[in-house]
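Trainee: Sequence:
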Amino acid sequence: AMQAAGVKRGYVCYDKDAGKVLCSHPCLQPILDMVGEDRIDYDEHEGLFFQVHNKCLLGAFLWKTNRGQGCGGIRLRKYESLDQYVRDGIRLAVGMGRKSALAGLWWGGGKGVIAYSSDDDIVGEKRKEMLLAYGEFLTSLRGCYVAAEDAGIHVEDIDIVYSRSRYVTCISPELGGSGNPSVPTALGIACGMEGALDACNMGTLEGKSVAIQGVGNVGDPLITFLLERNVSSIVASEYNPTRLKQMQEKYSDYPNVAIIATGEDPNAILYEDVDIVSPCAYGGILNETTVPRIKAKIVCGAANNQLLNPKTDYGMTEKNIIYCPDFVVNRMGIVTCANEHAGRAGSPMEDPLIAKHFGREDSNSVFNIIQTVIKNAKYDKVSTAQAADQMANKLASELHPIFGHRSQDIIKSLIKDKWAN
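Residues 1 to 421, numbered by the numbering used here, are exactly what the sequence shown covers, in order.
Hints listed in this document are in silico derivations from the structure and should not be mistaken for laboratory results.
Where hints are given, some of them may not hold.
Stated by the list, open to error - As a list, the in silico DSS-like pairs of lysine-lysine whose alpha-carbon atoms are at most 30 angstroms apart:
{"no.": "1", "residue 1": "Lys319", "residue 2": "Lys20"}
{"no.": "2", "residue 1": "Lys16", "residue 2": "Lys416"}
{"no.": "3", "residue 1": "Lys245", "residue 2": "Lys78"}
{"no.": "4", "residue 1": "Lys297", "residue 2": "Lys375"}
{"no.": "5", "residue 1": "Lys297", "residue 2": "Lys319"}
{"no.": "6", "residue 1": "Lys16", "residue 2": "Lys319"}
{"no.": "7", "residue 1": "Lys78", "residue 2": "Lys128"}
{"no.": "8", "residue 1": "Lys311", "residue 2": "Lys295"}
{"no.": "9", "residue 1": "Lys356", "residue 2": "Lys375"}
{"no.": "10", "residue 1": "Lys297", "residue 2": "Lys20"}
{"no.": "11", "residue 1": "Lys297", "residue 2": "Lys394"}
{"no.": "12", "residue 1": "Lys8", "residue 2": "Lys412"}
{"no.": "13", "residue 1": "Lys8", "residue 2": "Lys126"}
{"no.": "14", "residue 1": "Lys311", "residue 2": "Lys78"}
{"no.": "15", "residue 1": "Lys55", "residue 2": "Lys416"}
{"no.": "16", "residue 1": "Lys295", "residue 2": "Lys412"}
{"no.": "17", "residue 1": "Lys381", "residue 2": "Lys412"}
{"no.": "18", "residue 1": "Lys78", "residue 2": "Lys8"}
{"no.": "19", "residue 1": "Lys311", "residue 2": "Lys418"}
{"no.": "20", "residue 1": "Lys319", "residue 2": "Lys375"}
{"no.": "21", "residue 1": "Lys250", "residue 2": "Lys319"}
{"no.": "22", "residue 1": "Lys356", "residue 2": "Lys319"}
{"no.": "23", "residue 1": "Lys245", "residue 2": "Lys311"}
{"no.": "24", "residue 1": "Lys394", "residue 2": "Lys55"}
{"no.": "25", "residue 1": "Lys416", "residue 2": "Lys297"}
{"no.": "26", "residue 1": "Lys356", "residue 2": "Lys297"}
{"no.": "27", "residue 1": "Lys311", "residue 2": "Lys416"}
{"no.": "28", "residue 1": "Lys378", "residue 2": "Lys319"}
{"no.": "29", "residue 1": "Lys378", "residue 2": "Lys295"}
{"no.": "30", "residue 1": "Lys16", "residue 2": "Lys295"}
{"no.": "31", "residue 1": "Lys418", "residue 2": "Lys128"}
{"no.": "32", "residue 1": "Lys394", "residue 2": "Lys356"}
{"no.": "33", "residue 1": "Lys20", "residue 2": "Lys356"}
{"no.": "34", "residue 1": "Lys412", "residue 2": "Lys375"}
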């Protein structure tokens, strides 16, 4: 619609003073209508910014930037519709805001999303041009959104974006950045499992059985961390044939690890008769179809937006299944990269600024926070998802102690200076 109207850039922003949502161009009216009618995902998001690049749509989504500039990864994927694209962006921005708030980071909710229609658009020189364009898009936003790495994007891609904008993290270590945060993320998931087990008086990970959906950048190191903690068995599913073969070869010497191909039902792995299921592939997998078939006592994984509808836990509370909300336990990606400007004191496992999240002494560590969520849920007689949302929303509303509501000031300046024109 933007291309047809000859529009390169546009925005849909919430005007707090006027109490209404504004859009820059008539061609964005469908998005304005969607967020106006939505009662599930849209939550007065401060800014939705778009830019057309060839056949790709570049986007940046901001939610509750009270604690600091919106910060979150760039996701690169195909979308079936504009509605799906926008819904993914606004939901992911909320998740990032809550994640940062619960982690004690002074950053707000932000997410970058790039939609493409053809695989030809994301290879070779076209991919580089797209990434350069996204870097220029970032710079044009004046820092209200700070990007990072996410699904479909690699550290090498981030370095290309970085060549056009300083507002990006997950830069390669060779350039002074933190690189791929998958390993710390996986360790954070293991810590979340330990916290949930302890809160439920189920002991430690030793002797437990775990099913993992997805053996990608997080699922693979998660297996290693679980083996180090002497779990009894691991079964993991993988849909990518090349990756499947690699992982089967890697763990062929471990009789208690089974790497299986994803079957006709990609969610069948969630129904395994195990102690813990760990969704580490994609979102929306906890829904009215899957939850009734889950046998595990704990759900704890790295995938974002695991609940198809974030307003319900689909009866997990009634089934006495402990759901560890994704944004509570998968924080270590943003923790590792968000404060790159603070420098590095060794590896993430050694650096006090990062390593404290893996321990048990800091009240804000992954282990302790998931326990607080579980205790609050029981006390208030709500789901763990509701308890975590309440905790995170309160923290996300706190103003940055030095910069105040900086991103909001930047957004106002963009509108005033006619950024979309």
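Trainee: Each hint should be assessed against the structure and marked as holding or not.
Mentor: Do the hints match the structure? See the list:
no.	hint	verdict
1	Lys319 / Lys20	violated (40 angstroms)
2	Lys16 / Lys416	holds (15 angstroms)
3	Lys245 / Lys78	holds (25 angstroms)
4	Lys297 / Lys375	holds (16 angstroms)
5	Lys297 / Lys319	holds (9 angstroms)
6	Lys16 / Lys319	violated (41 angstroms)
7	Lys78 / Lys128	holds (18 angstroms)
8	Lys311 / Lys295	holds (22 angstroms)
9	Lys356 / Lys375	holds (22 angstroms)
10	Lys297 / Lys20	violated (43 angstroms)
11	Lys297 / Lys394	holds (29 angstroms)
12	Lys8 / Lys412	holds (20 angstroms)
13	Lys8 / Lys126	holds (18 angstroms)
14	Lys311 / Lys78	holds (26 angstroms)
15	Lys55 / Lys416	holds (29 angstroms)
16	Lys295 / Lys412	violated (50 angstroms)
17	Lys381 / Lys412	violated (41 angstroms)
18	Lys78 / Lys8	holds (20 angstroms)
19	Lys311 / Lys418	violated (36 angstroms)
20	Lys319 / Lys375	holds (17 angstroms)
21	Lys250 / Lys319	violated (36 angstroms)
22	Lys356 / Lys319	violated (33 angstroms)
23	Lys245 / Lys311	violated (38 angstroms)
24	Lys394 / Lys55	violated (40 angstroms)
25	Lys416 / Lys297	violated (52 angstroms)
26	Lys356 / Lys297	holds (27 angstroms)
27	Lys311 / Lys416	violated (36 angstroms)
28	Lys378 / Lys319	holds (14 angstroms)
29	Lys378 / Lys295	holds (21 angstroms)
30	Lys16 / Lys295	violated (45 angstroms)
31	Lys418 / Lys128	holds (28 angstroms)
32	Lys394 / Lys356	holds (23 angstroms)
33	Lys20 / Lys356	violated (41 angstroms)
34	Lys412 / Lys375	violated (40 angstroms)
Comparing the model with each earlier hint shows violations of hints 1, 6, 10, 16, 17, 19, 21, 22, 23, 24, 25, 27, 30, 33, 34; every other hint is respected.
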